[in-house]
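> Taking the hints into account, I'd like the entire structure generated from these sequences.
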Amino acid sequence: MAVQGSLTIERTLLAGADLSAESNLYKLVKLSTGKVILTTGTTDIPFGVLITLGVEDAAVTVLRLGRTKINANEALSVGDKIGTSADGQAAPYVFGTDTTKYIIGDVIVAAGAAGDYATADVNCINAPRGA
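In our numbering, the protein residues as written are 364 to 494.
It should be emphasised that the hints constitute simulated quantities derived from the structure, not laboratory data. These numbers were taken from a predicted model, which means no experiment stands behind them. Cβ atoms here follow ideal geometry from the backbone N, Cα and C, with glycine treated the same way.
Derived lysine to aspartate or glutamate pairs resembling EDC-like cross-links, with alpha carbons at most 20 Å apart:
1. K432 to E385
2. K398 to E373
3. K398 to E419
Label pairs and their computed distance ranges (CB to CB):
4. D420 to A473: 31 to 39 Å
5. D479 to T371: 17 to 25 Å
6. S440 to T375: 27 to 35 Å
As structure tokens, then:
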């Protein structure tokens, strides 16, 4: 018998910086000395999407795999492949063109402009480069 379900993988880790500002919610984070901080470069390897806020050294929850809101760096269309911008927002990338960037998901609900929320299916576990 066929079965359909959803899978979400979340991790709770310590914040390596103050991630308590509302503007940090649903941005991409990376690991730094075992703690999570916002990604700071377009070639960073995203560890996941920040889904709870916290001050430095407080526990925060990061979604590594699943469907989530995501903070857009610019307008995002349904079907766009996404990775991180230099400030943790989701940016559109293209396989074969953006060969140094890690592509972590697909947009399933569009975002109209920078700072808007899109919905995406993300997989930050062993994300491929856009090569």
